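S.K.: Residue numbers (the numbering used here), protein chains in the order written: chain B, 1 to 359; chain H, 1 to 359; chain E, 1 to 359; chain P, 1 to 359.
If you're looking for bench data, these hints aren't it; they were derived computationally from the structure.
Treat the hints with caution; some may be incorrect.
Claimed, not checked - Chain B regions said to be covered by chain H (calculated; three or more residues, Cβ under 8 Å):
#, region
1, 16-29
2, 189-195
3, 221-229
4, 248-259
Unchecked claim - With a straight-line cut-off of 30 Å between C-alpha atoms, the simulated DSBU-like cross-links for lysine-lysine are:
#, chain 1, residue 1, chain 2, residue 2
5, P, K306, P, K196
6, H, K75, B, K309
7, E, K196, P, K275
8, P, K275, H, K100
9, P, K75, H, K75
10, E, K275, E, K100
11, B, K275, H, K100
12, E, K275, E, K195
13, B, K47, B, K100
14, B, K275, H, K309
15, P, K309, P, K100
16, P, K60, E, K275
Quick caveat, the model's predicted, so the values are computed rather than measured.
We treat Cβ as the ideally placed atom computed from N, Cα and C, and that holds for glycine.
Number of protein chains: 4
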Amino acid sequence: MGGSIFGRYFKVATFGESHGAALGCIVDGCPSNLSLSEADIQSFLDKRKPGQSDISTPRKESDSCRILSGVFEGKTLGTPIALIIENANQKSSDYSEIAKLWRPSHADFTYDAKFGIRDPRGGGRSSARETAARVAAGAIARMCMPSIVIRAWVESVHSISMPSFDGMPSEEDIESNAVRCPHAPTALRMVEFIKKARAEGDSVGGVIRCRISNAPAGLGEPVFDRLEADLAKAMLSIPACKGFEIGSGFAGTRMFGSAHNDEFFVGEGGEVRTKTNYAGGVLGGISNGQMIDFRVAFKPTATILKEQKTLSLNKEPTTVVGRGRHDPCVLPRAVAVVEAMASLVLADAVLAAGKSLPL
Amino acid sequence: MGGSIFGRYFKVATFGESHGAALGCIVDGCPSNLSLSEADIQSFLDKRKPGQSDISTPRKESDSCRILSGVFEGKTLGTPIALIIENANQKSSDYSEIAKLWRPSHADFTYDAKFGIRDPRGGGRSSARETAARVAAGAIARMCMPSIVIRAWVESVHSISMPSFDGMPSEEDIESNAVRCPHAPTALRMVEFIKKARAEGDSVGGVIRCRISNAPAGLGEPVFDRLEADLAKAMLSIPACKGFEIGSGFAGTRMFGSAHNDEFFVGEGGEVRTKTNYAGGVLGGISNGQMIDFRVAFKPTATILKEQKTLSLNKEPTTVVGRGRHDPCVLPRAVAVVEAMASLVLADAVLAAGKSLPL
Amino acid sequence: MGGSIFGRYFKVATFGESHGAALGCIVDGCPSNLSLSEADIQSFLDKRKPGQSDISTPRKESDSCRILSGVFEGKTLGTPIALIIENANQKSSDYSEIAKLWRPSHADFTYDAKFGIRDPRGGGRSSARETAARVAAGAIARMCMPSIVIRAWVESVHSISMPSFDGMPSEEDIESNAVRCPHAPTALRMVEFIKKARAEGDSVGGVIRCRISNAPAGLGEPVFDRLEADLAKAMLSIPACKGFEIGSGFAGTRMFGSAHNDEFFVGEGGEVRTKTNYAGGVLGGISNGQMIDFRVAFKPTATILKEQKTLSLNKEPTTVVGRGRHDPCVLPRAVAVVEAMASLVLADAVLAAGKSLPL
Amino acid sequence: MGGSIFGRYFKVATFGESHGAALGCIVDGCPSNLSLSEADIQSFLDKRKPGQSDISTPRKESDSCRILSGVFEGKTLGTPIALIIENANQKSSDYSEIAKLWRPSHADFTYDAKFGIRDPRGGGRSSARETAARVAAGAIARMCMPSIVIRAWVESVHSISMPSFDGMPSEEDIESNAVRCPHAPTALRMVEFIKKARAEGDSVGGVIRCRISNAPAGLGEPVFDRLEADLAKAMLSIPACKGFEIGSGFAGTRMFGSAHNDEFFVGEGGEVRTKTNYAGGVLGGISNGQMIDFRVAFKPTATILKEQKTLSLNKEPTTVVGRGRHDPCVLPRAVAVVEAMASLVLADAVLAAGKSLPL
């Protein structure tokens, strides 16, 4: 039961069904005296909201957030910050048919199995619309640690991958195109590929990369609450996510230890650094001060416009054709969600470490 | 701070440094009236213990566990079960040199950064020896759900992979060789490869696969506490783990939705099944009754017998050569740890679902 | 940090400042398929809301709640239930003076010490207005266990106590007067006493009694999460609460064991009962099937209309006179809060026990 | 299920049955680099151990604790500290008769109702012997905040109360007599009273007072995790505890607000103080820098040497006469437990507040 509360110190409780009255969250544990306005949050929500480009769903939602508590005269109070996003464009009449069957690769069947009831309107609680609340919470988490940079982008769509590179891409490059890939020529090909898949009534997946710079050494806990373990949980909690790897990841399993071990050296400022970063910024579950670097796999969108065989609630064969307003590829909008979840994990680790905030 | 307690309902707290007096755990939340003996636990510990074969460390530890509480006349009481494993073969004199530097790819540096103190004997708390306590706890978790089968094996070592197959391999096939790969010809090649790496003073990584059958539909929670999210956290909390993927995982990012969506059908017993299992047994964070299927990436062992450059505690250049008793490849012994962590996650989900136990 | 989330299984996160935009809560962990409407909740909110009688504050708040999620077509979905209560009558202009000093016996000083910032409007987060969200959550908790009866009433106001009695008073008797004391002649004296105190610009405290019937044996956990321990925490978390006792309580410390030990016997239905109930319904932290019976002490309202000496924020002597709209005695309205918190504890214990709901 | 883990930041998991192999605890979250030895802990265990005087049980237990992990060369590592206390004097043959019935006012019946199984030897997990592990954990908690003084003593036994006084009694005065009452003439009368009750085969209860000085303002959280709420939970989790009151407590319910409100003034060192302390050191759930002051009610020991009527497990009438080695009054030994639980709450609040330790 439950399952909608995240974090041990910087705690976030979310609520909301896709076509319910509203969705939102409570952030409990945010430090006091930080500047926070609805505009700070809105800029992140805008990156996730539907209808941004011609490769995302045409559902119209302003995704305007309203702060209900925890902020007074522009400063956080240290008390719970509640946020609400009203659902403007609900169109719930569309969903009577879907209520009678289980859409393939959706959570319809498992929600029925678990709860014996389901809100069929737009997927209810299982809709990725729920992640708007996470993005809002993540925006607050960032305010706790302004010097830490958390940035995600689309690295591959289906078989199209951008060239590998070191360092942190600029936000401008990421935001320069509809697919949020900082390598413009690749982005162009990705957009064409997504449009072609959509034209065929199909959908595609891909990989989001996330890097975090300026995180101090010492974040994360030994044994279970390792930083990479919390990041893995955070990422696998995002709808459609099927994989997580940090540093060398799966490719690192094909290296020898002598090549994989990152050599320490002393940087120009006297700080301890490593020559390579196969570790991905963590050693023994704790940040080592290098770039935290991980990749997140997303499956192709479950909703497709082709006819698919499935079962009705009474287990009779039937078919379903996706309608409504869906993204042929979730990745461009999921970038904001990956960043948000990473922000929640980092803020939690920062608070756990007892560092004085803001960092 | 903290970080050594796992689970929300079936809770496990572990303790112990590699060369301390003992290690062990407390399991709080185990249902009452289950049969449990030290022998039940020992059989799992034996799979993880050192010195099992000529490709693992020669450190001698019987890893005998002693139940201190929570069991009366062979039955669990519903009260905390404490387990202790004394460290027999400590040899802590070996570690004076290591105390003065940071071994590459180990947690020496990050523990120093976080805690300002470190037990240098065998890696202290960051040693994989800590996982013995997890294996013991996992053995208890299994007792809660005897009908669920949780089985892991080595799928690849470095570039050597076994052929893909469906279904659950037999325990006999897995245990038939030192590397715990159920495909005998591949296992042979893996063993030779590991021996060769060791002879060169080097180490290798690989991938462990885990499948879970007979898990009922309905396990896992929406949003954050998804079953796959908890599995991801559990796996990434294992030392040397760098990646997790469930179902189609990273490969699934290169599929179209029309191919990736698993088609529902009604099985012979009237149960709902899917023709393919790209989902890996979970939809929307909740088990769908199909095989739960995931892969876990392990980096090559950090300790190698080649000389490596590194830094001393005062940031002076120095070198280190691995000594002591280490595994050139952690995977054969990590199989038991992957199974144990999966067992903890499943038992927790089962208790959360409020199903009457044992399943 | 944090502190606004309650419960381990039936979890409640609350938010809201007294004069902020709104207050409310998220309930995460409520079972699915329970009937729930806003009217179910409103009836409990109405017992707590201001302006019910001539002995409570004249602040006008309809305290209308709106369910934002977790309920579909009148049934709970098993997903988070979010509730919002808009603040209608904020009048925040009243509070400029109070912002500059620390009111005696209020949380102004401690919030400043802890957070370095405070919402001075009506006490902000420290206002008892926050308890409206708890009452709403408690109303949902009751839906999980309809056969368990949880009832509280005012037992004493200052030195005026109602006669002792066994059993459960009727809701009609409790609601028959403004002070919520089921003994009409005593209630009359209490009302007069409160009016007299108010006329003198003063305030009074008292004791609320709560009894819970039909709770099955077996609720509560050994050692720390005892049922009485969770009840104690729940009650002491209510503003103005200074004490909790269960069963014989403090009076029981003046009894001998031979008199205090409750003798078991077999009831008419074959159930195990006790002849006396000095235990108050719990043995070893676990309910024994008898009436759960406890008392809660409330201090006199901190706000009084007499001039009091105090300090300004820069530690200069000053004076303060209570204004605004306050209760001279919080107990009549706190009855609903005591019931709500008891409901949260019971629902949590019921879910922890894994009993199938509804009971 | 569960229930044997306490704390959110300074977490303690305990284990052990009265006559099992051992009892102990894991402390997860203790800061690193604190000095800690077994002797530091032993001095507190010695205050709780049986057989200290002629008014406590003659059971012989050295209650020697052994640290298994988390400490290296006399300093805490920041990793889990495990402690074990072997049960030396088990004498479990005594308990065959008790296994067949439910002793009045003990947890035999409720454990059977909840778990369907019970360790009858000395009360198993429900025995107050379990509190030895808490005392050990509390000793570690104190090390985190050496400047905070936490001291408890026996204020009343049955109807015999010591005179009221302000300030903190000396440890010497408390330890100067077998009953741990700092007022020698009262202590003498208490001892005589306890001896007389024991001679009659009876038992007595009483009240323990606890005061905490030097706690900084700002500890505790708003709303649910109030400092007084956590203290109340901690105290009510102690076996035989039936009540808790802080500051004016139940007596304060008979005061007027004008008398009860503590007036702020500026102390000699420029610190904010209050002239009276009816609040007991907390305002709005947060410490105000004054003495934290609370009282804890303990019922008379359940085990008495008089014959009592009760029921057998098959609900047949039978009788029971207490045997074995029991305390006629638990209070002298419970003083150490009250201090330990208060220490756990304070350490948790200190860590939550993010203050740099040690204070």
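S.K.: Hints first: check each against the structure and report whether it holds.
M.R.: Results for each hint:
Requiring three or more residues with a Cβ within less than 8 Å of a Cβ of chain H, the coverage given for the region 16-29 of chain B is violated, as only 0 such residues are present. For the region 189-195 of chain B, the assignment as covered by chain H is violated, since 0 residues bring a beta-carbon within under 8 Å of that chain's beta-carbons and 3 are needed. Counting residues of the region 221-229 of chain B whose beta carbon lies closer than 8 Å to any beta carbon of chain H gives 8, which reaches the threshold of three, so the coverage claim holds. With 10 residues carrying a beta carbon less than 8 Å from a beta carbon of chain H, the region 248-259 of chain B meets the three-residue requirement, and the given coverage holds.
This hinted pair checks out: K306(P) and K196(P) have alpha carbons roughly 14 Å apart, not beyond 30 Å. A C-alpha spacing of about 49 Å is found between K75(H) and K309(B), which places the hinted pair above 30 Å, so the restraint is violated. Among the hinted pairs, K196(E) with K275(P) is consistent with the structure: their alpha-carbon atoms are about 27 Å apart, no more than 30 Å. Restraint check: the Cα-Cα separation between K275(P) and K100(H) comes to about 56 Å, which exceeds 30 Å; the hinted pair is violated.
The suggested pairing of K75(P) with K75(H) is violated, with an alpha-carbon distance near 38 Å, which exceeds 30 Å. This hinted pair does not check out: K275(E) and K100(E) have alpha carbons roughly 57 Å apart, beyond 30 Å. Our distance criterion of 30 Å between C-alpha atoms is met by K275(B) and K100(H), whose separation comes to about 21 Å. Simply put, K275(E) and K195(E) have alpha-carbon atoms about 41 Å apart, too far for the 30 Å limit, and the pair is violated.
The hinted pair formed by K47(B) and K100(B) fails the criterion: a straight-line CA distance of about 34 Å is larger than 30 Å. With a CA separation close to 11 Å, the supplied pair K275(B) and K309(H) stays within the 30 Å bound. Proximity of K309(P) to K100(P) is assessed by CA-CA distance (about 14 Å); at most 30 Å being required, the pair is judged to hold. At most 30 Å may separate the alpha-carbon atoms for a hinted pair to count; K60(P) and K275(E) exceed this at roughly 36 Å.
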